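Residue numbers (our numbering), protein chains in the order written: chain A, 1445 to 1693; chain B, 620 to 936; chain C, 16 to 435.
Be a bit skeptical, because a hint or two may be false.
Claimed, not checked - EDC-like cross-link-like pairs, simulated, lysine to aspartate or glutamate; straight-line CA separation at most 20 Å:
#, chain 1, residue 1, chain 2, residue 2
1, A, K1673, A, E1450
2, A, K1586, C, D162
3, B, K708, C, D423
4, C, K430, A, E1587
5, C, K412, C, D423
6, C, K231, A, E1519
7, A, K1510, A, E1611
8, A, K1586, C, D217
Unchecked claim - Derived DEER-like restraints, expressed as beta-carbon distance ranges:
#, chain 1, residue 1, chain 2, residue 2, range
9, B, N896, C, L152, 21 to 29 Å
10, C, L127, A, I1531, 31 to 39 Å
11, A, I1669, B, V779, 44 to 52 Å
12, A, E1574, B, N795, 42 to 50 Å
13, A, Y1447, B, R926, 17 to 25 Å
14, B, L676, C, V363, 33 to 41 Å
15, B, L774, C, K430, 41 to 49 Å
16, C, Y126, A, Y1447, 34 to 42 Å
Quick caveat, the hints were computed from the structure, so don't treat them as lab data. Note that the structure is predicted; figures quoted are calculated from it, not measured. Beta carbons are placed, not taken as given, at the ideal position from N, Cα and C, and that holds for glycine.
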Amino acid sequence: MSYHLELKNVKKNFGSTNIIRGVNLKIKKGEIHSLIGPNGAGKSTLYNLISGVYNISSGNIIFNNKNIENLPSYEIYRLGLSRSFQITNIFPKLSVFENIRCGLLWNLDYKYSITAILDSDKKINDKTNEILNKISLAGFSKEAAGLLSYADQRALEIGITIAGGAETILLDEPTAGMSKSETERATRLIRNISEDRTILIVEHDMGVVFDLSDTISVLVYGEIICSDKPINVKNNKRVKEAYLGNFGN
Amino acid sequence: MSIEVLLFIIFNGLLYGMFLFMLSSGLTLIFGMMGILNFAHASFFMIGAYLGYQISLYSNFWIAIFFAPIIVGYMGAMVEKYGLRNIHKYGHIAELLFTFGLFYIIEELVQMIWGKTPVSYKVPELLNFPLIQISGMDYPAYSIFRLVLSILIFLAIYRVLSKTKTGLIIKASLTNPEIVAALGHNVPRVFSNVFGFGCGLAGLAGVMAGNVIGTEPSMALLLGPIVFVVVVTGGLGSIKGALVASLIIGMMQTAAVSLELNLNNAFQYLGFNVDVNSILNHFTSITISQLSPIVPYLLLIIILIARPRGLFGKRDV
Amino acid sequence: MYSLKKNYKLILYFFLIFTLLFLPFLFTSSFALTLFCKMGVLIIFSVAYNMLLGQTGLLSFGHAIYFGLAGYASIHFLSGINNNYFPSLPIFILPFIGAFIGLALGFVIGYLSTKRVGTAFAMISLGFCELVTALTLIFVVFFNGEDGIQADRVTGNNYFGLTYGPQNEVYYLILFWCIFSVLIMYLLTRTPFGRMCNAVRDNQQRAEFVGYDVRKIRWMAFSLSAMFAGAAGSLHAINYEHIGFESVSLAQSGMVLFMAYIGGVGNFLGPILGAISLTYLDTMLSDMTEAWVLYFGIIFVIVIAYAPQGLAGLILMHDPIIRNKPSLLKKLAIPYVFFGISILLLVVGFTSLIELIHSLKSNHSVLKVYWIEISNQNFLIWIMFILLTILGILACKRSYTQTKTVWDEVIEDIKLGFIK
């Protein structure tokens, strides 16, 4: 069976340090797949490899039957793979509305147009408002994104990430640093957007992970040690060791 | 090429190169460590020259060469402490703009105090006699003094950077300022000191060179861009790189200045003759020596596009 | 409500254009006309420059290249028409030629420079600026060295009865081109390309993750910006009938940088504000004081340190307050008045001191500051202005802290409104 996103023996080293030591990962279409693991396991690096921020040292990344390793980020995005970042990554000086609209441009085929006047284009503006409603930020559409509260900025980032209609989304710690109620809101939002999408999510909040995921993969020290249904992962011996060992230190 | 011309190029290139090194080495440290491309670096050089002149007027050159760089260094540290440090939060571009504004302010202040015309800053009498002769040209003792002093300064900086704890902290801050701060060192103060020290070096270069190249308000504008060329070519924060780059640029420019060759010569060699009255002659008759002013800028552009870490740098600009 | 606001804006713009059309009848002196012409040219130039600096976040020290070289090309074209080398085209289209030269140069140089961003980009632009300046002095046949070149803009042809002899005909030419170019540049900011310029400026990585090749955006911005700078250069050449090497130099690049930055790079109208106010001050004050460039530099440095969004930014930062809670503006009024008075004290004290120092270099002991004649031999005068300056500094410091406290309170208040 072919998978939606597949990593085959992906390796990455910085200088002589091996950060990713041969990762194999298979993600099915339409699932919510969580990637967990102790700090320093290489989760963010793996994201950066998949999304083209770094070049990989060896291996293959196959997305929709297409090799995407070492493509520039924007090419990967255009193939339908979008991502959020661990540190809020929005356009702080642009308005909330503009932030979302920028996320829509490429998908609506505007490319580098220097003739289309966006304000008078009903289609893109309606679509922007639709997404703003989805992430419950319609009330702030005119404010500069940098002025929003932290939780709202994270919601906005998810909005930008999904705006382009990418069918596969990588989320990097979407609830990090949030209060309980904010986390609940973010979880609802993720569930909400997951309807017709494949989602890979890195998360530290185990409540969120076990609540959302169809599959959980555990990355420890640059290797996937287990990839299974949540219930099986919970009882996996190696996972327990890795986590307990980690806490034990 | 005769051996005499070669000697001339090497020796003059060495003199000019060491002058460039004195002028730029301070900025190499500043830029490498703080990421601040100080547009006003040559302005501090100019202040050094003017202070050298002013202090020499009241006392003598030897007092000037000691005190003027200290004053300039102190000014630099103050600029860092009360100016740049507050702008740091807006990023490197804002810092660059700030120093660009400072460049204008210093030029105007200098004009206001010392006037628009050159001041008569003279070489000290003690060293104003021909010491050696190379290729039929006399070199005054002062030139040799400058050469020796700048070599000594290079050795001193190099030793401080590689052998002392201060040097260790500075070098560590070059690559990882956050970690150095986390280790409990007062990075802002280190920054102020380095900035002041760098400006002081430029000031010293000013005291030493002002009486040779002429002390006037436009000297900062003339020398400003070439400082960047040295810094970028040498590589971020590398004193060795600054030295090598200075010497290369010094030799290249001296060589270019002494080559009165043009395309017409090349065509003649190949058997063509360009009509002296044709439009083409306007271009082919331009000699390499006429083109010498563009050499450093060409180098700057090429290095930044092709190898932004320069000769010895560890990071890109 | 929205459409009313929109119409109101439209009426305002029509009124503005109407006024501009009648300006030569209101101010008939040739001095005023020359000033307006200069402003028009520099408005185009600084708005074009801001396409790079403010919109795309690229600091260029070499934008005068496109301005100046297009100017040289235009002068050559003019003399070509005068000497019958070129067809007798209307002067009106000359800026198209300048724009084309700018675009072509920007396309090539932009391709090379946009490989880098930030400081490296700025230095490459500086390198090109110095390179071209040096070349203008070397290739005498085209640039004629330090003297520059000139040509008569009255070419003998008179399409639509326009000879461009009288200055007011040039005024209308520049006015037309100014409105035309600024309008196009404004519309460009509303296109996907324009929006992505802002996005690239704000967050390069995010811009890649909405599908854009950020270098291509920068390259396009560079080329288009150079194109409009070229059009401005052409008009500059027509206006003065002369162009010299200083027009491609760092000084010219620095001037446009000052204008854009002091006016405010974060807003489209900022550079226009900057071009108008600085050109005006430059022309007015350069007669009155020799220290004008010093004041220029000081204003620039203060803007960088305290108002990085420039004049326009200072005005527009009140926008969120006006939109959300206009009543809070009242709270700010008193601190503003005090701050204004403090600044006034400082300005009067400091500039008088500078003028006093300046006068020591001249032979006159009596000078005029702020319409009052004073003597630089009078010790008391010096003491007075030194005290005034110190008082101004202290007052500014104090009222700045006060204003900032009130401002922060107001912004907190607004932010509280967001968190429901």
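Evaluated hints:
1. As the CA atoms of A/K1673 and A/E1450 are separated by approximately 17 Å, the hinted pair is consistent with the 20 Å bound.
2. Annotation: proposed proximity of A/K1586 to C/D162 is violated, straight-line Cα distance about 53 Å (limit 20 Å).
3. With a C-alpha separation of about 18 Å, the suggested pairing of B/K708 with C/D423 holds against the 20 Å cut-off.
4. Of the pairs offered as hints, the one joining C/K430 and A/E1587 holds, with about 11 Å between alpha carbons and a cut-off of 20 Å not exceeded.
5. About 16 Å separates the Cα atoms of C/K412 and C/D423, which keeps this hinted pair within 20 Å; it holds.
6. A hinted pair counts as satisfied when its Cα atoms are at most 20 Å apart, and C/K231 with A/E1519 qualifies at roughly 13 Å.
7. A threshold of 20 Å between alpha carbons decides the hint, and for A/K1510 with A/E1611 the separation of about 15 Å falls inside it, so the pair holds.
8. Pair hint A/K1586 plus C/D217 holds up; C-alpha atoms about 17 Å apart against a cutoff of 20 Å.
9. The hinted range of 21 to 29 Å is satisfied by B/N896 and C/L152, whose Cβ atoms lie roughly 23 Å apart.
10. Between C/L127 and A/I1531, the C-beta spacing of about 32 Å keeps the proposed range 31 to 39 Å intact.
11. At roughly 50 Å, the beta-carbon separation of A/I1669 and B/V779 lies within the given 44 to 52 Å, and the hint holds.
12. Between A/E1574 and B/N795 the beta carbon distance is about 46 Å. The supplied range of 42 to 50 Å therefore holds.
13. Between A/Y1447 and B/R926 the C-beta distance comes to about 42 Å, which lies outside the given range of 17 to 25 Å.
14. Restraint check, B/L676 to C/V363: a C-beta distance of roughly 34 Å satisfies the suggested window 33 to 41 Å.
15. For B/L774 paired with C/K430, a C-beta distance near 57 Å fails the hint of 41 to 49 Å.
16. Distance hint for C/Y126 and A/Y1447: a CB-CB separation of about 40 Å, consistent with the stated range 34 to 42 Å.
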